[in-house]
Each structure stands twice: as structure tokens, then as C-alpha cells.
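All chains should be built: construct the whole structure from the sequences, respecting the hints.
Those protein sequences? They're chains A and B, same order as listed. Heads up: the first sequence runs through residues 1 to 484, numbered per my numbering. Heads up: the second sequence runs through residues 485 to 900, numbered per my numbering.
Note that these hints are calculated values from the structure, not bench results. Cβ atoms here follow ideal geometry from the backbone N, Cα and C, with glycine treated the same way. Check the hints yourself; a few may be wrong.
What the hints assert, rightly or not - Within a straight-line C-alpha distance of at most 20 Å, the following computed EDC-like cross-link-like pairs (lysine to aspartate or glutamate) qualify:
# : chain 1 : residue 1 : chain 2 : residue 2
1 : A       : K309      : B       : E620
2 : A       : K309      : B       : D652
3 : A       : K309      : B       : E697
4 : A       : K309      : B       : E617
5 : A       : K309      : B       : E655
6 : B       : K585      : A       : E319
7 : B       : K585      : A       : D213
8 : A       : K309      : B       : E641
Unchecked claim - Non-contacting residues of chain A with respect to chain B, defined by C-beta distances greater than 12 Å in every case (computed):
#  : residue
9  : A78
10 : E82
11 : E87
12 : F91
13 : E127
14 : R149
15 : Y273
16 : I279
17 : T308
18 : E319
19 : L411
20 : G412
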Amino acid sequence: MIILISNNIDRNREELKNIFNNTSDLILYEFKTQSNHRALVGYIDGLIDRSGLNDNLIKPLIENLSSVKDVLSTVFIAGAKEVSKMEEISFPMTLGNVVLFIEDMERAYLFELGFWERRTVEESGSERVVRGPKEGFIEDINVNKTLLRRIIRNNNLVFEDYTVGVQTNTQISLVYIEGIAKQEILDELRRRIQKITVDGILDTAYIERYIEDAPRTMISTIGHTEKPDVAVGKILEGRIAMLCDGTPDVLTVPKVFIENLQTAEDYYSRPQYGIFLRILRIFALFTSIMLPGFFVALKTFHQEMIPTKLLMSMAKNIEGVPFTALIEALLMILFLELIKESGLRIPNNIGTAVTVVSGLVLGQTAVQAGLVGPIMVIVVATAGISEFIIPQQREMIVIYRLIILLLGGFLGLYGVACGIIVFTVHLVSLKSFGVPYMYPIAPYDREGMKDFIFLRSIKEMNYRPKAMTNNKARKRNEKVDKEK
Amino acid sequence: MRKLIKKNKIIILAYILMSSILLTSCIGSRELQTLAIVTAIGLDREGEEVLITCEIINPTTASSLMSSSPTSSTNNIVFAQGKGRTVFEAIRDIPLHFDRKLFFSHSNVLILGEEFAKRGITEFMDIFLRDNEPRENLYMVVAKGVMAYEIMGVRGELSQSAGNYIYDIIENFKYNGKCVEMTMSEYYRYYYDVSNEPVIGVVEKIEKKVIDEERKKDTPTKYILDISGGAALKRDYLLGYFSEDEIFGYNFITNGIKGGLITFKTPKGLTKGAAIIGKEGEFTSVEIFYAKTKRNIEITEGKILLNIDVKLRAGLGEESKAVDVGNLEVIHILEEASSKEVKRLISATMDKGQKQFKQDNFSIGEIVHQQHPEVWKEISKDWNSIFPEISYKVNVEIDIVKTGIINVPSNLRKRR
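Below is the structure:
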């Protein structure tokens, strides 16, 4: 049923109240204009700029409005819209619009006066850098758009808005550069977004669940970042970013494996150091997944592979330990995960207690009490530390570590090898929006390899990754060239 | 083929997985706490039975990391002995009176008692190849003059056990070249060859003066091990020993030198220009950096001539009196003198092999086989009777490329 706006203000007021179910934060204010018409202003408390409302809307109307037809020329507000149906009012009002009804008019005006408390733009907590831009995205989508636009000052940067979520009506926005982003990927992404049916979006992770290629795998096939410079770097390579209102996490698609090991700082430091860091991260990835399983396999199945002197000291160290190596490792991993989780949840002011206790439990006492051997502590701690080097795949690492550990504990190195093979096959079989996950190794791309482990300087990266974009030449603006 | 693979993808995959699961040998886990890690094995004969002595790491002593008491090193190891008609039986005899299952993968040394070696070793070596635990690269040494277990009680000054001790001093091979670095797998390489008679390492227990005054009170004498020399086997039983110098020559002949010192008398009366103040009994040491031996067989009128070409790169290590190394002529003379010494070492060894042992310990038959296969066919059967008759020629080329960081010895620089 369509409810039209009536010329009777009282009816409009009742209708509006009815639409918003008498919510307490709906503010209605009635006054008389210069022309002696009754006017009703309605807005949602906390979403608008009140002084702007007073100075630019109410004041001019009271003082200057001579005829009801002159409303738009009287007020000092840029974004104004005329509507004639009640339905069209409610959603804009939740975005911070002010509605104005005037007596004898069968129309209402919507003015964009949105303003609310938001977190200031500050350094992103999860992706900190020493060199390079520090600012991070915040929860407000408009600010995030500004952050991107401020870096890419280009008329080809496109924001494409969607509203998702039956209850929350969350705004999401695709960001790409027209002419660089691949049309096929863009179409596919639009298609997938339109298929989302969900009651509410609280974080981009919800969107991720709906649009990812392989929802059952632990490996994330959609990138996320909190830093505008990282997002822009990806947009410039032809990827598409996805902003979502209410979260500082921005998604980027498509994602390939190596993005897990990339950080913004790789490109800001010298390529040699970048190479070192990439190798370190590869090492960390392997260590954090394989090390406990590998060690347990060696310790229970292949003692001959451990160097003699190490084995001798190991034998002495674990003489009093009553558990098998597998139990020992599981115990340590349990400790580690408990400490990680409690450290994350604990209020700051009692955090030190946890640090002290956990340090003691993990470090010395467990060994002295004869629960685990000291080398197992080193192994698990190393795996635990390495995990934080690859934050994008932390969830996957924790689960795969356990799988490899169980394989190693029950089947020895054979099990570990099987695990690696299955893992590799799985990685190679993944795709993200049509782009093979292991690009640029499989399929091999010489240009793409410049941003793989053996990183080249930004000066030498002349082409965008082939799989992401059809517009390969990086240092040329084809649209502008054509216009010339 | 491609069609076939596509069709039977699952079957092929299942086949690969199943076969790899069923054919793998890594089954049966053993916790480290249940293992007795053997670091050295000794084999002896007692009557008709084999006596095996295992040196086992004692894990119950405090770990080396945490120990603060100096006594911990004394019970670092324990020994277990077993007897049987076969080695395996002897090994399985041990768990009857020893607490844990033996684990042989970390034993690096196999010590053979002299008597055991004299009665033939191969019949008891089978298990070391057949079983999956023992390493193939364990060093084989003969206990000179004693039983194997007598050697095993000796531990070095720094090493934790005799096994480690012998292993470490054999690994020192590159500093002297005066011992034999023979692993089990290499032993078999020599053993299988018709012409070869293997030479394996020797270990000897010798008494050592205790220097430390503090320790002298408790232990007036101490034994140490010496591995210089080598044991020549005939087929698989002990024939005799090569001395320290002879084994140096042996290593030159068999291209086994990785380093070492050539010490010789400083040649007297160097040419006029070369300044030298040498007396009788002055010595020079030259350190070998690189050595390569090439051996060639020449057959003329049925006579076999062995050419041994040794190429050495060396540095002047020590000069006990005085030569002027700034003078190139002096260096040439030193080179000549050192090559003479190497020639002497080689011929001494060859003489011992030809005249005393009367067998080919130097795998020369192999070279004949490689270079003159048609001749070898005829003579291979009685090679050991031909070998003592062959003549040989030694040619040593030595380059002294370094003279150290001083030019002139101090006693030459001193003004009289």
C-alpha cells in the first residue's frame, strides 16, 4: 500500500510516527514560516548536524520564506530532494536526512544534513608500518571513500553503491578504476553481490562468506586490509575493493596466494630487504604450519634423522616426561591457544597478570614440572610466533597446524608429506574470481614474478598482473592518451 | 593414454594412494623415552660366540644444559653386553638384562676386536646391512691388540663417550691424513671388488700422562685412544697393520688426502744465491691444501708399470732454522725436497704392500681393469701373485703457494 503525503501536517506527523513505530529518537519539530504556513521538520536524533539544521533550514524558513514554492531557494542546503510518497522518506532519514513537511503541500523535502560521531582517522591497529602512510580506514563508509579518493585523484575512480541486508540496509560500495578493472571480474562480483540475502551485515566478513569462491576451505580467497594505501595499491593493479559501512575492513578481490605474504612496507623499503622479508614470511608460513607436526614425526618415528648430539640432549631433557610426543605437542598448543585467546579478550588493566602467569606456564614451569620437554616449548613457541607474521591466514594456519600435527603423530613423516601434498594440490586448485590462486607460479607469469618472492623495485614493475586486468601497461594512462 | 587416465582417474589415484600407504616402511612409532641410544658398537669373539658391547647414552643423568655438577659426565654412558651365535642373537640377548630397547641409528663407530678381525669379519656384518636401523656410514675400526670393549671404556677429554671420541678423532682426518676414514658402505665397495683388499681404521689404547696436578691424585694414569695407522685385511680377516707413515703414503696412493703435513729435512747447501743457514737435523713442515693423485697403468711387453702422479698445492708451515722464502729459488728447492719426501712415503707403503702383505690394498687392480680390460680378463684370477711383481713410478708435483705471514725466519733476521 502506497501512502501519499497529504497536505495536512497532522496526518503526515501521525503517518511518520507510525512508520517509525513511535521510536523515541524520531524528533519532530513544528514551526511557522514567514508566510505563516505550518512546517514540520523531522529527523532522527544523533544522525544530523543540529546547528546546520537550525541555521540553514529552520532559520531561513522562519525569517525569509514568503511562498511555499520557494523552499529550495530559501534554505542553504545543497543536497535536497522532493518526494511525494511516505516510503521514500524513511530510509533516507536513517542515513541522516531531514524531512520537511509544509502545510498545503502534497510533497515533502529531504535535506542531507547527516552528521554523527565517528572515530577519527588514526593508525590501523592490525597493519602497522614503520615507513609509509599510517592512516587507516574507519567505520564510516563516506570517510573511507574520501580516503581512497584523496589518494586516487582521477575521474576514472568509480564508487558503485549497493544496499545489502534486509534489516540493516547496510551500504556497501565497490571501488575500481574504470579501464583497469577487468570487466568479467566486475560483472561476476556484481552478480554475486546482488545474490546476497542476509538480515544484517556487521562486518565485511559477512560479505566474504557470501561471495567467496570456495566457502568450505580454510584458506581465504578474498583479501582484506585496513589501510587505504594498501587498498589503492590493489585497485591500481586492477583489483576491486569493497567498502562496507560500519567496518574499517575493506575487501579486495581477486586475491592470490602471494598477497598473504605482502605488506605495504615491502614496496617502501629497498627490494633487497623486501626479498629478505618475503623469504622470511615463506619460512614463517611453513614453520607455523609444519614445524610441530614435523618435529613430532621426527621424535616418534625417525629418531635417526635428528643429529646425534641433539638427540642425546633431547633424550636427557625429556627423560621425566610421561607423555608421548604427540600429547606433549597438543598440550603445548593448547596452552598457546589459551594464552593467545585470553590475551585478546582480557581487559587491559589486568593483562599483566596473564602475561606473567602465561610466560611462566609456557616458559619454565611446564618444563620443570616434567609436563613437556624444553625443545617442544621452543618448537611450539616458534610456530606460534610465526603465525602472526601472516595475519591474513591466521585462522587457516591454526587449523592446518593441528591437522599436520595429527598426521605427523600418527603416520610420521609420511603423514606430513601426504599433508603437504594435499595442501599443495588444494592451493593450486583454488580460484578467486577466475584468477588461479597460485598465480603467478601456476600459471607462470614472468611479469607477475616481479612481485613474487624475488621482489623487484617498483621502477621495474612495468606491467600489471596479467590475470587481474586486461590493461597491462602500468605507467600509461590510456584514456587520457586517447583523448589527446 | 590420456583417455585412459581421464577415465580411470579415481582408480589410478586410489592405486597410487593405496600403494604408497601399503608399501611405506615408516610404521611403528617409538617414543624417545623408551629408546636406548647406542653410540658405539663393539664386536668380539668369545669362543665360537659373538660378544657385542653397546655404548648407550644414559638419559637419566641431568641434561648438559642444566647440570652444574661436574660428576654428571662420569655416568653419562652405560654399557650393555650380549652374547650369541649370531650378532642379532647377541643384540636380542641384551634386553634380557637391559631396561630398554636398543636403538642403533645413532651409532657412528663399529669397533672390531683384534681377535674378531683375525677370524674374519664379514660373516658377522650381515645384520648391519640387512637391518634398517644401523647407519651405513658408520666408521669401522680395529682395536689394535685388545678386545673391542677394552677400547670402549676409554673416553676422551672433551667427548662424552668413546663412540663420540673415536668419531671425533676420525673426523680430524683432514688435519693429518695419517689414519683411515673407512665407513661400512665404503668397506663393502672395496670388499666386493675382486682385486681389492680393504684397509680399515685402527684404534689403539695408549697410556697418557696426567698433567693436571689436581686430577693426578685420583687417577695417576689415564688412557687415550690413537687412530693413526690402518689395518690391512685379506679378504675379510686381519692381515697386519700399516704404520702411521705408511698409511700417509697409502692415502697419497689412493687419492685420499684431504690435508696434512709433510715434514722433511731442510735440504742442505742450497744454491749460492739462496741464503740458508742450515745445519744437520733441521726440519721443514709443509701443509697440504690440495692433493690429487692420478694413477695410470702402462703395459709394455707384458710388464705392468704403474704411474702414480701426485699433484699437491701446499703452503710453508714451519721452518725450524732459516731459509729465505723471498727467494724463488729457495722455494723451488723446498718443493723438490718435499716431493722427494712424498715419493719416499709412497714407495715405503708400496714396498710393504708388495713385499710384506703381498696383496693389492691400493685398488690398483681396479685401474688395470678400467684401463686395460682385455688384459685384466686374463690376469684377474691371479692378480695377487702378479701385484708384488709390478713396477711403479712415482711422480710428485708440488706447488708451494703460500709462505705464511712472515718472509724471513726470525733467526735469519737477527743480526750477528
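Hint check:
At roughly 18 Å between alpha-carbon atoms, K309 of chain A and E620 of chain B fall within 20 Å of each other, so this suggested pair holds. Simply put, K309 of chain A and D652 of chain B have alpha-carbon atoms about 12 Å apart, close enough for the 20 Å limit, and the pair holds. For a cut-off of 20 Å, the pair hint linking K309 of chain A to E697 of chain B is broken: about 31 Å separates their Cα positions. Of the pairs offered as hints, the one joining K309 of chain A and E617 of chain B holds, with about 17 Å between alpha carbons and a cut-off of 20 Å not exceeded.
About 15 Å separates the Cα atoms of K309 of chain A and E655 of chain B, which keeps this hinted pair within 20 Å; it holds. With a C-alpha separation of about 15 Å, the suggested pair K585 of chain B and E319 of chain A falls inside the 20 Å cut-off, and the hint holds. Our distance criterion of 20 Å between C-alpha atoms is broken by K585 of chain B and D213 of chain A, whose separation comes to about 53 Å. For the hint pairing K309 of chain A with E641 of chain B, the CA-to-CA distance comes to about 17 Å; that is within 20 Å, so the pair holds.
No Cβ of chain B approaches the Cβ of A78 of chain A within 12 Å, the least distance being about 64 Å, so the stated non-interface status holds. With a cut of 12 Å on Cβ distances, E82 of chain A stays outside the contact zone with chain B, its closest approach being about 65 Å. At the 12 Å boundary, the C-beta of E87 of chain A stays outside the reach of chain B, the nearest C-beta of that chain being 57 Å off. Non-interface call for F91 of chain A relative to chain B: holds, since the shortest CB-CB distance, roughly 53 Å, exceeds 12 Å.
With a least beta-carbon separation of about 39 Å from chain B, E127 of chain A lies farther than 12 Å from that chain, consistent with its non-interface assignment. Look at R149 of chain A: its CB is around 51 Å from the nearest CB on chain B, clear of 12 Å, so calling it non-interface holds up. Taking the minimum C-beta to C-beta distance to chain B, about 35 Å, the non-interface status of Y273 of chain A holds against the 12 Å cut. Once the 12 Å rule is applied to beta carbons, I279 of chain A is consistent with being away from chain B; the minimum gap is 30 Å.
At roughly 5 Å from the closest C-beta of chain B, the C-beta of T308 of chain A falls inside 12 Å, breaking its exclusion from the interface. At the 12 Å boundary, the C-beta of E319 of chain A falls inside the reach of chain B, the nearest C-beta of that chain being 5 Å off. With a cut of 12 Å on Cβ distances, L411 of chain A falls inside the contact zone with chain B, its closest approach being about 7 Å. Look at G412 of chain A: its CB is around 4 Å from the nearest CB on chain B, not clear of 12 Å, so calling it non-interface is violated.
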